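Sequences listed follow chains A and B, in order.
In terms of this note's numbering, the first sequence opens at residue 15 and continues consecutively.
In terms of this note's numbering, the second sequence opens at residue 315 and continues consecutively.
Think of the hints as simulated: they come from the structure by calculation, not from any bench.
Some hints could be false.
[Stated by the list, open to error] Far from chain A, by Cβ distances over 10 Å, these chain B residues were calculated:
| hint | residue |
| --- | --- |
| 1 | S367 |
| 2 | F499 |
| 3 | W535 |
[To be verified] Reference excerpt, derived from the structure (chain B facing chain A, CB under 7 Å, subset only):
| hint | residue |
| --- | --- |
| 4 | P325 |
| 5 | I511 |
| 6 | V514 |
| 7 | M517 |
| 8 | I518 |
| 9 | G519 |
| 10 | A520 |
| 11 | R521 |
Owing to the predicted nature of the structure, the values given are computational and were not obtained by experimental measurement.
The C-beta atom is built at its ideal place from N, Cα and C for all residues, glycine as well.
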Amino acid sequence: MVRFENVGMRYGLGPEILRDISFSLEKGSFHLLSGPSGAGKTSLLKLIYLAERPSRGAISMFGRDIATTPRDELPALRRRIGVVFQDFRLLEHLTVFENVSLPRRVMGEFEGHYRAEVEELLQWVGLGNRLNAKPATLSGGEKQRVAIARAVVAKPELLLADEPTGNVDPEIGARIIRLFIELNRLGTCVLIATHDQRIMERLPATRLYKLTEGRLTSGQVSDHLITEAKRA
Amino acid sequence: MNPKAQTGLMPADSASGATLHTIVAVMSFLACLALGGVLTLGRLASQWTDGLSSSVTVQLMPSAQISPEDQVKESLRLVNQWPGVFSAKALSRSEANALLEPWLGKGNVLDDLPAPQLIEVTLKPGEPAELEGLAKALADSVPGAQLDDHKRWNAELAGFATSSTAIGWSVLLLIALATLAIIIFATQAGLRTHREIVEVVHMIGARDVFIANEIQSHFLWLGLRGGFIGLFIAIVTLLGSSMFMDSRETPVAAQYLPQLVSSPLHYVWLVLVPGVMGVIAMLTARFTVLRVLGRMQ
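Next comes chain A alone, as it looks inside the complex (with noise of 0.2 Å):
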């Protein structure tokens, strides 16, 4: 589904922040991405929902080489892809239903199609009285679950999520977290990208790839919560 091959990044002419990037994620399959801030997670999340392009190396998604890929055909395969933002980035003049169902406004689909479906989503991670609100009038934890359900609504291939469970508290969290085991599942594959040990110790089975000085070295998430316990 994913694959990138010696991949390289930079910004402008400045340093090599991703380097010999090369790892392979196969539908259905449920990853963690882990690593100190400043590491590069957000940049490899970047490159994978093809916001950037890498100064080397070559990346493949759903089976297209993305260099060879003609710009108007990146829409089609930026869809099979739903991407919770760290920063939620949310549309703050559109309500929590309208910022929900943006995928699928995108889409083309009319309203009628989706309401009931957003409407039943966004019940489910506790937002359901909250249909109207404004962005401005959510709590960071609200948001975070609203841009949750933006990246889920649309039902992706691939879903990619920044720090999802970064603000919100230990239920949600939980909540969350079921969300995404439930549409791996169905057969969507997941990288999340994290610092929380809570998800780590409930999913001590997922592969784990950890970035360093913008290098991804890999491994079982329990190898790691092990290292760290000994560290403590």
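Since the structure of chain A is provided, determine the placement of chain B on it from the hints.
For chain B alone, coordinates are given in the frame of chain A:
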């Protein structure tokens, strides 16, 4: 709880929106005045040239070889039987005085001046008369007779009307270009201000055309609203000036100055101005958005 009707992708930016409405309204107002002027000039030019080309004048200079009475009689006989002539009429002394009055003032000035006797000849519409032959026949048969076919006046008036109309169209073109430049600037500024929105929508899979459609409809309504405000002000101005021209206090203006909009049909043309403004705003915004988005990944 049911969600409200969906709002546009781009927020209605009240501050810049009001400024843009004002600018488009002013452009529309100026375009209406310029278009009114162009239409009126076209109408006047055709009236003038039609009037001149449908008649010719025979001038009878005093001659020692023939009496003035015979000169008139012989000329009328020749002209009346010429093909393409509808009627011919010798101007009386008082009619000749009336023609010269604007230049020479009132009084029996013709008594003291060697002014020619004039015969006004009306031509049949749609049946061109052979005027060169008539001029030659008059010169040969009637001493002192000359035919003035108004060609020089006609050419001068046609030239004046053409150049004035061209100036009018140039003004309209400049207004359209200025509107275009303003909309390009406003669209680019809007995209810069709302870059975050465009990026998010882009990242969740919106095609450039979807984003362009959302933004162009915003500018279409802006162009139409501004255009109709300008049209309304223009119509009020034109009706006001028309009433002023017709008032008794300004008889000179009423007599000699053409009104900017001189036919009810012209108002129908003016109604097209807001539509054109809307279309200009919409298409300009669309192409600007597509150009800017084309530079994104």
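To see whether the hints hold, each was checked on the structure:
Residue placement check: S367/B keeps its beta carbon more than 10 Å from all beta carbons of chain A (closest about 60 Å). Every CB of chain A is more than 10 Å from the CB of F499/B (nearest about 22 Å), matching its label as outside the interface. At roughly 16 Å from the closest C-beta of chain A, the C-beta of W535/B stays outside 10 Å, upholding its exclusion from the interface. At its closest, the beta carbon of P325/B sits 4 Å from a beta carbon of chain A; the interface hint therefore holds under the 7 Å criterion.
Interface hint status for I511/B: upheld, as the beta-carbon distance to the closest one in chain A is roughly 6 Å, under 7 Å. Taking 7 Å as the C-beta contact cut-off toward chain A, the hint placing V514/B at the interface holds, the least distance being around 5 Å. Interface restraint check: M517/B against chain A, minimum CB-CB distance 6 Å, threshold 7 Å, status holds. This hint holds: I518/B has a C-beta 5 Å from the nearest C-beta of chain A, less than the 7 Å allowed.
Against a cut-off of 7 Å between C-beta atoms, the interface hint on G519/B holds, since the closest Cβ of chain A lies about 4 Å away. With a cut of 7 Å, the hint placing A520/B at the interface with chain A holds, because the nearest CB-to-CB distance is about 4 Å. For R521/B, the shortest C-beta to C-beta distance to chain A is roughly 5 Å, which falls under 7 Å, so the interface hint holds.
Of the numbered hints listed earlier, not one is contradicted by the structure.
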